[in-house]
Amino acid sequence: MPFKDHTPIPKKEKITVAYMIEKLRDRVKIKVKPNAAESVCDQKFVTDTDLHRPGLALAGYLELFTYKRIQIIGNTESQYLAKLSRQEQKKSFGNILQFDLPVIFLTDNNTLPKPLLRMAEDAGIPVYTTNIETTQFMFLLRDFLEDQFALQTMVHGTMVDVYGIGILIAGKSGIGKSEVALDLIERGHRLVADDVVMLSKKSNVLLSSATEMNKHFMEIRGLGIIDVMSMFGIRSIRYQKRLEVVLNLSLWEESEKVERTGLNHDSVSILNTEIPLIHLPITPGKNITVIAEVIAMNYLLEHYGYDAAKAFQDKVKHHIAHKKEGGEMPKRAIEYFEGDFE
Amino acid sequence: MLRKKARILNEAGLHARPAASLVKLASKFESDFFIEMQGYKVNGKSILGVMTLAAECGAEVELIMNGEDEHEAMESITELFDNKFNIENEE
Chain A
231 MPFKDHTPIP
241 KKEKITVAYM
251 IEKLRDRVKI
261 KVKPNAAESV
271 CDQKFVTDTD
281 LHRPGLALAG
291 YLELFTYKRI
301 QIIGNTESQY
311 LAKLSRQEQK
321 KSFGNILQFD
331 LPVIFLTDNN
341 TLPKPLLRMA
351 EDAGIPVYTT
361 NIETTQFMFL
371 LRDFLEDQFA
381 LQTMVHGTMV
391 DVYGIGILIA
401 GKSGIGKSEV
411 ALDLIERGHR
421 LVADDVVMLS
431 KKSNVLLSSA
441 TEMNKHFMEI
451 RGLGIIDVMS
461 MFGIRSIRYQ
471 KRLEVVLNLS
481 LWEESEKVER
491 TGLNHDSVSI
501 LNTEIPLIHL
511 PITPGKNITV
521 IAEVIAMNYL
531 LEHYGYDAAK
541 AFQDKVKHHI
551 AHKKEGGEMP
561 KRAIEYFEGD
571 FE
Chain B
56 MLRKKARILN
66 EAGLHARPAA
76 SLVKLASKFE
86 SDFFIEMQGY
96 KVNGKSILGV
106 MTLAAECGAE
116 VELIMNGEDE
126 HEAMESITEL
136 FDNKFNIENE
146 E
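Chains as they are written, first to last, in the working numbering: chain A, 231 to 572; chain B, 56 to 146.
In isolation and in its complexed conformation, chain A is listed as follows:
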């Protein structure tokens, strides 16, 4: 069984607020403007993927206040503050500022009165504002944070995109994973990573990529290391791909679990996500490349609702049921040959 003892690699524990803001601007492409305490951003850390709306804390209920999370001030919180007198505003905002908050976001173009921003500045808590609507901003920010703090692991295998399906070719060293991948690249498919594949879990899907070090290098036994991108061009590589099928190559004698009908689906658990697993014994005359393409196409067919094994099974079952009512043995597929002239 491949990857039975994979271990997650240590997670990132924290990111700085400055880094987060930079990435939100460059990568997530959202506009965030600083309102207070921008200078302390590189000393402030985000450690949690969850976000919090501090409505109750503003109102004075501070038990269980999750102050380590990013605080989001949306329409509700802003309107609540706006209805208070100046004195009450300071008291209410002071309630949350006494904690070491990582950062406060004002969404949907909301603003805070000047005295409150000054309080945040003095407390050293950065405040940013964005034009994006609250729930949408929270979704984007959470998605970004989930990726930053994602569970990751490293596995040994070769990851290829075949007709848009992410296949991880696994198997012992020297069995020919890289050679199969090379053959697939030659046929127009794309390499994600050879030998070392990084898997990150994001909303129950596993996303694969190479590491910074090995990206788009490949080892071919007897030849050494080659650079796939410079040799085959940009179309032969991919930076990331969802892992959809694991193809485990083995020698014939060690493979007992070879599926014959395709009705039973085996799977492997990686980072607690179940991934379909196909055991493929290597025998003389077997073209693994073509089989990898067939696996991808079969996966696509199943995905689009057609399961060949099940269709055939249904046909046989139907025939058996029909036989009891006096049916015959299977006939030839064509009723009348008109003659086949050259």
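Think of the hints as simulated: they come from the structure by calculation, not from any bench. Be aware that one or more of the hints could be misleading.
Okay, the calculated beta carbon distance ranges per label pair [claimed, not checked]: (1) E489/A with E123/B: 48 to 54 angstroms; (2) E123/B with Q543/A: 47 to 53 angstroms; (3) T133/B with M527/A: 44 to 50 angstroms; (4) D330/A with L64/B: 53 to 59 angstroms; (5) K516/A with S76/B: 29 to 35 angstroms; (6) M527/A with D137/B: 37 to 43 angstroms; (7) E442/A with L64/B: 32 to 38 angstroms; (8) T237/A with S131/B: 24 to 30 angstroms; (9) A67/B with F369/A: 46 to 52 angstroms; (10) K244/A with T133/B: 34 to 40 angstroms.
From the derived model, a few chain A residues whose C-beta atoms are all more than 12 angstroms from chain B [claimed, not checked]: (11) D352; (12) M384; (13) G387; (14) A423; (15) D424; (16) E442; (17) K445; (18) F447; (19) G454; (20) E504; (21) H509.
The beta carbon of each residue, even a glycine, is placed where N, CA and C say it ideally should be.
Assemble the complex: chain A is given as a structure, and chain B must be docked to it using the hints.
Positioned in the frame of chain A, the structure of chain B alone reads:
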């Protein structure tokens, strides 16, 4: 399964040549061989895997050997680590 700590002793760290002698030796044995460093685990029979670690001189790694000839394999591999991967003049 055997686990053993080892240290990189040659000055240039685990670059292409030492990595090559390491995977060559490891491939002679039947056992599965993994190298773990700071939580990152790679297959010790794959040259790209070993080079991905980019282990520097003095770095500590854990060798994980699993299979019938694990004792013999572990002994040879540790010896290779102690002999600075049998490389005399590094480029």
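Hints, one by one, checked against the model:
For E489/A and E123/B, the hinted distance range of 48 to 54 angstroms is not satisfied, since their beta carbons lie about 28 angstroms from each other. Hint check: E123/B to Q543/A, Cβ distance near 41 angstroms, so the stated range 47 to 53 angstroms is violated. Against the hinted window of 44 to 50 angstroms, the Cβ-Cβ separation of T133/B and M527/A comes to about 47 angstroms, which satisfies the hint. As the Cβ distance of D330/A to L64/B is approximately 45 angstroms, the hint placing it in 53 to 59 angstroms is violated.
Checked against the hint of 29 to 35 angstroms, the pair K516/A and S76/B passes, with Cβ atoms roughly 33 angstroms apart. Distance hint check for M527/A and D137/B: the Cβ-Cβ separation is about 51 angstroms, which falls outside the suggested range of 37 to 43 angstroms. Separation of E442/A from L64/B is about 26 angstroms and departs from the stated range, judged on CB atoms against 32 to 38 angstroms. Between T237/A and S131/B, the C-beta spacing of about 25 angstroms keeps the proposed range 24 to 30 angstroms intact.
Judged by the Cβ atoms, the range 46 to 52 angstroms given for A67/B and F369/A holds: they are separated by roughly 48 angstroms. Remark: the range hint 34 to 40 angstroms for K244/A to T133/B is upheld by a beta-carbon distance near 37 angstroms. With a cut of 12 angstroms on Cβ distances, D352/A stays outside the contact zone with chain B, its closest approach being about 40 angstroms. Its beta-carbon lying about 6 angstroms from the closest one in chain B, M384/A breaks the requirement of being farther than 12 angstroms from that chain.
For G387/A, the shortest C-beta to C-beta distance to chain B comes to about 9 angstroms, within the 12 angstroms cut-off, and the non-interface label is violated. A beta-carbon of chain B comes within 12 angstroms of the beta-carbon of A423/A; the shortest separation is about 9 angstroms. Look at D424/A: its CB is around 6 angstroms from the nearest CB on chain B, not clear of 12 angstroms, so calling it non-interface is violated. Once the 12 angstroms rule is applied to beta carbons, E442/A is inconsistent with being away from chain B; the minimum gap is 9 angstroms.
Its beta-carbon lying about 10 angstroms from the closest one in chain B, K445/A breaks the requirement of being farther than 12 angstroms from that chain. Non-interface status of F447/A relative to chain B is broken: a Cβ of that chain comes within 12 angstroms, the nearest being about 6 angstroms off. The non-interface label for G454/A is inconsistent with chain B: the shortest C-beta to C-beta separation is roughly 8 angstroms, within 12 angstroms. At the 12 angstroms boundary, the C-beta of E504/A stays outside the reach of chain B, the nearest C-beta of that chain being 22 angstroms off.
At the 12 angstroms boundary, the C-beta of H509/A stays outside the reach of chain B, the nearest C-beta of that chain being 18 angstroms off.
Violated hints, listed in ascending order, are 1, 2, 4, 6, 7, 12, 13, 14, 15, 16, 17, 18, 19; each of the other numbered hints is respected by the structure.
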